[in-house]
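Novice: Below, each chain spelled out in residue letters.
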Amino acid sequence: MTVKVGDELPTFTRETGFANWNRYAAVNDEFVPIHMDDAAGEAAGNGGAFGMGNLQWAYLHNMLRSWVGENGEILSIEVQFRSPNVKGQTVTAKGVVTAVDGDVISLDVWTEQQEGTKLAPGSAKVKMGK
Amino acid sequence: MTETYLNDTVINANGTLCSRSVSYPIEASAIRKWAMAVYWPEPAPETFMNAEYAPEDFDAFAWGPASYESLLEGDDGRVMVRHGINERALGFPDWKFRAGLNGGMNCTYGVRMHVGDVITDVKSVGEYTERQGRMGLMLITQSISTWTNQNGELVKRTINSGIRY
Amino acid sequence: MADSNISEAMKAAVGTETSRSTSYPISESDIRKWAMAVYWPEKAPAVFTDPAAASKTVHGRLVAPEEFNPFAWSAASNELLLKGGASSRDGNNPDNSELALGIPGPGLKFMLNGGMICEYGVRMGVGDVITSTNSIGEYSEREGRLGLMLFSRGVSTWVNQNGEMVKRTSSTLIRY
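Chains as they are written, first to last, in the numbering used here: chain F, 1 to 130; chain R, 1001 to 1165; chain A, 2001 to 2176.
Each hint should be verified, as a subset may be incorrect.
Unchecked claim - Under the rule of at most 35 Å between Cα atoms (straight-line distance), these lysine-lysine pairs were calculated in the DSBU-like manner:
1. 2056(A) <-> 2011(A)
2. 4(F) <-> 2083(A)
3. 2011(A) <-> 130(F)
Claimed, not checked - Listed next, with one range per pair, are the computed distances between beta-carbon atoms:
4. 1116(R) <-> 2138(A): 46 to 52 Å
5. 43(F) <-> 1007(R): 33 to 39 Å
6. 36(F) <-> 1154(R): 47 to 53 Å
7. 1158(R) <-> 31(F): 24 to 30 Å
8. 31(F) <-> 2076(A): 38 to 44 Å
9. 1(F) <-> 2121(A): 24 to 30 Å
Hints in this document: simulated from the structure, not taken from any laboratory.
Every residue gets a Cβ at the ideal spot worked out from N, C-alpha and C, and that includes glycine.
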């Protein structure tokens, strides 16, 4: 496969809510009131409970991992959590190639909700599997 | 109004083996996290943090078994049935209930679970009975879960009761 | 309202190594459950759940997803590197990084994960023991949607039992 600037990655999509968040809380021991309790999320200014930034982070990794293949490598990734992942959103992890330098591929990556608002934008560098 | 839930099929099913699940090997990490969760916010006892053995209530099948098979004819086992009792495959009536409740559990323990143990869970039909209650005629179900370890020793036997109306 | 939540003591602390943690050995069930959670409700790839499938990959063994956290729930050891540093029993205390420094925190009520930068080295796999060394990065602040917001960075470097770099992460904590 020849990778070129502008290529879009196959996306990774999940409908999000307590079913995902609670599972992630269980494996990461991330039992934080703002992620478990609507009143605590509301008090923090987000209208209700919202999902972990770490889970957005995981979804971005899932997308990259599937694209680079089993022998590929995620070299680095950077993400900002801009907008909360609230209940009922369909979150999609997306990526687009911004540079190809030898076998190192640079990408813009982000998660967005169903209307296209970016939740967690960032960038990554990967190596494709042989 | 329903006069009885209990036809011959339901009555005669008592004792029928329904499904067999085999766990992944129990790991120290799973014991530690279980103990931390059930003792939280106090620290869990050292015995469990060191994973000398698992708490009695430890669920070796949390997050799913390594394998699952149905023991019933007409059930290919591709869909894991909650509580392991496939009433449809058993030929039970297609009851319509408004509500179902967990009626309780009754558990008898044998040997302890340790790191490396692989647990087999065989689920079987227990006694189905009925009773008139405030909400009408209630069906009281029992499913029996028998856990043994890789040496065939009994780990526990649990009778789960359900109430439906 | 405070003009600034960044004290002189906080400024002076930038770059200080505060704590070191060593994980329990990573186990198959940790990796399996992690993968199940982050791929849920779809099935997790077999390379994370099936040792036989994993042994056929370039890694030759069950490796963890890159973002896997071997310190979830507990660590085999936690060491504070500073005199006067204290660890809070409450992992959700917004002042935890200053507590570890042994200095007063700003006492803000809310905190958010502001983002992360991560560089990866070798993969983590079953049996690996990870050591994380944590230090304090820069502080900054600005007016935002939720009032005066304090940004702080925590830097952690993970190595495995062979001293190989696993990852280096700089995380931004937003407090308000």
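Novice: Are there hints from earlier that the structure breaks, and if so, what are their numbers?
Specialist: Violated hints: 1, 2, 3, 5, 6 and 8; rest satisfied.
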